[in-house]
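Visitor: Take the sequence shown: its position 3, counted from the start at 1, is 789 in the working numbering, and no numbers get skipped.
Don't read these hints as lab results, they were simulated from the structure.
Backbone N, C-alpha and C fix where the C-beta goes; we use that ideal spot for every residue, glycine too.
The reader is advised that the hints may include incorrect statements.
Stated by the list, open to error - Quick list of in silico lysine to any residue cross-link-like pairs, SDA-like style, CA-CA up to 20 Å:
#, residue 1, residue 2
1, K895, Y950
2, K904, A868
3, K936, P863
4, K926, R871
5, K976, S916
6, K936, R974
7, K904, S963
8, K936, R871
9, K904, P955
10, K976, D862
11, K936, D886
12, K926, Y874
13, K956, K895
14, K936, E891
15, K976, R901
16, K926, R869
17, K936, D878
18, K895, L867
19, K904, D878
20, K926, G894
21, K956, D878
22, K976, G959
23, K956, R883
24, K926, A868
25, K904, R869
26, K904, S916
27, K926, Q879
Unchecked claim - Cβ-Cβ distance ranges computed for the label pairs, FRET-style:
#, residue 1, residue 2, range
28, S960, G939, 20 to 30 Å
29, Y919, S872, 13 to 23 Å
30, G959, D878, 14 to 24 Å
31, E943, E891, 32 to 42 Å
32, A898, A864, 33 to 43 Å
33, R883, Y919, 15 to 25 Å
34, G959, K936, 18 to 28 Å
35, G939, E870, 17 to 27 Å
36, G915, R974, 18 to 28 Å
37, S960, K895, 21 to 31 Å
38, E946, S916, 16 to 26 Å
39, R901, F877, 15 to 25 Å
40, R974, L937, 18 to 28 Å
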Amino acid sequence: MFRLATVTMLTIAISACSNAPKVETPAAAPVVAAAPAAPAPAPAPTPAAPQAAPESKVATVDLAAQARAATPSHLDPASPLARERSIYFDFDQFVIRSQDRPVVESHGKYLAAGRTLKVAVEGHADERGSREYNLALGQKRAQAVVQALKLLGANDEQLEAVSYGEERPKASGSDESAWAQNRRADIRYK
787 MFRLATVTML TIAISACSNA PKVETPAAAP VVAAAPAAPA PAPAPTPAAP
837 QAAPESKVAT VDLAAQARAA TPSHLDPASP LARERSIYFD FDQFVIRSQD
887 RPVVESHGKY LAAGRTLKVA VEGHADERGS REYNLALGQK RAQAVVQALK
937 LLGANDEQLE AVSYGEERPK ASGSDESAWA QNRRADIRYK
C-alpha cells in the first residue's frame, strides 16, 4: 500500500507540471539605430572689438635672475649676505650688539645650510690701545662671532677666527666716527 501511495503521488506531481499554463514571452522589439544628430549650426560671427594678439607660447627667460640663481648668495652683489658682512662693537667690548644680530643670524643659517662653505671671521679694533691689546681684543671679537655662528648651526670645520687688531682699519681718522667703523668683525667667505 505504501508503494501504491507513492506511485499515485508521483503521477499527480508529473501531471501537475504538464498542465501548467504556458506563458508567452513577448518578442523583442527590433533595435533600430538612431540617425546621427545633425551638428549644431555654427553661430554667426558677431562683429567684435579688435582682439589682442594671441598670448605667446614661448617662455621668457630672465638672464639676470638665472645668473643670480647660479651665483651663491654670498657672492651675489644683490644679496644681503654679500652686502652685510661686518658686525660692529662698542668701545672696548666684544659682545655682539642687538642691531648686529640679524647679520650674524643670516650668515649662521646660510652656513648651516651649506656645509661645504668656509669662512674666516676677522676681528678688528680701533687705533686706541697697545698693539698687543688690540690684537687680543680683535681675537675676542672674532671668537664671539664664531661662537654665535656655531649656535646657529655652523660647525667648527667651517669657521676660523683671525685677529688683525688695528692693522686693517676700515675708516681713516682719529675721531669717534672712524673708530666706530674700525671696531668690527668681518665675515670673509673662502
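Visitor: Does each hint hold? Answer for all of them.
Guide: Tested hints:
1. K895 - Y950: The hint is violated at about 26 Å.
2. K904 - A868: Judged against 20 Å, a Cα distance of about 14 Å means the pair holds.
3. K936 - P863: Not OK: K936 and P863 at ~25 Å, beyond 20 Å, violated.
4. K926 - R871: Distance ~17 Å between K926 and R871 Cα, so the pair holds.
5. K976 - S916: Violated - the C-alpha atoms of S916 and K976 are around 30 Å apart, more than 20 Å.
6. K936 - R974: Holds, at roughly 16 Å.
7. K904 - S963: 31 Å, violated
8. K936 - R871: Given pair K936, R871 holds - Cα atoms ~16 Å apart, limit 20 Å.
9. K904 - P955: 24 Å, violated
10. K976 - D862: 15 Å, holds
11. K936 - D886: With Cα atoms ~16 Å apart, K936 and D886 stay inside 20 Å; holds.
12. K926 - Y874: 13 Å, holds
13. K956 - K895: 26 Å, violated
14. K936 - E891: 10 Å, holds
15. K976 - R901: 13 Å, holds
16. K926 - R869: 23 Å, violated
17. K936 - D878: 24 Å, violated
18. K895 - L867: Distance ~11 Å between K895 and L867 Cα, so the pair holds.
19. K904 - D878: 28 Å, violated
20. K926 - G894: Status holds; Cα separation ~18 Å.
21. K956 - D878: 17 Å, holds
22. K976 - G959: 30 Å, violated
23. K956 - R883: Holds: K956 and R883 sit about 19 Å apart, inside 20 Å.
24. K926 - A868: Since the Cα atoms of K926 and A868 sit roughly 24 Å apart, the hinted pair is violated (cutoff 20 Å).
25. K904 - R869: 17 Å, holds
26. K904 - S916: 31 Å, violated
27. K926 - Q879: 9 Å, holds
28. S960 - G939: 20 to 30 Å: With Cβ atoms ~40 Å apart, the hint is violated.
29. Y919 - S872: 13 to 23 Å: At roughly 21 Å between Cβ atoms, S872 and Y919 fall inside 13 to 23 Å, so the hint holds.
30. G959 - D878: 14 to 24 Å: 19 Å, holds
31. E943 - E891: 32 to 42 Å: Since E943 and E891 have Cβ atoms about 20 Å apart, the given range 32 to 42 Å is violated.
32. A898 - A864: 33 to 43 Å: 22 Å, violated
33. R883 - Y919: 15 to 25 Å: 21 Å, holds
34. G959 - K936: 18 to 28 Å: Given a distance of about 34 Å, which is not inside 18 to 28 Å, the answer is violated.
35. G939 - E870: 17 to 27 Å: 18 Å, holds
36. G915 - R974: 18 to 28 Å: 24 Å, holds
37. S960 - K895: 21 to 31 Å: 38 Å, violated
38. E946 - S916: 16 to 26 Å: 25 Å, holds
39. R901 - F877: 15 to 25 Å: Distance hint for R901, F877 is violated at roughly 36 Å.
40. R974 - L937: 18 to 28 Å: 20 Å, holds
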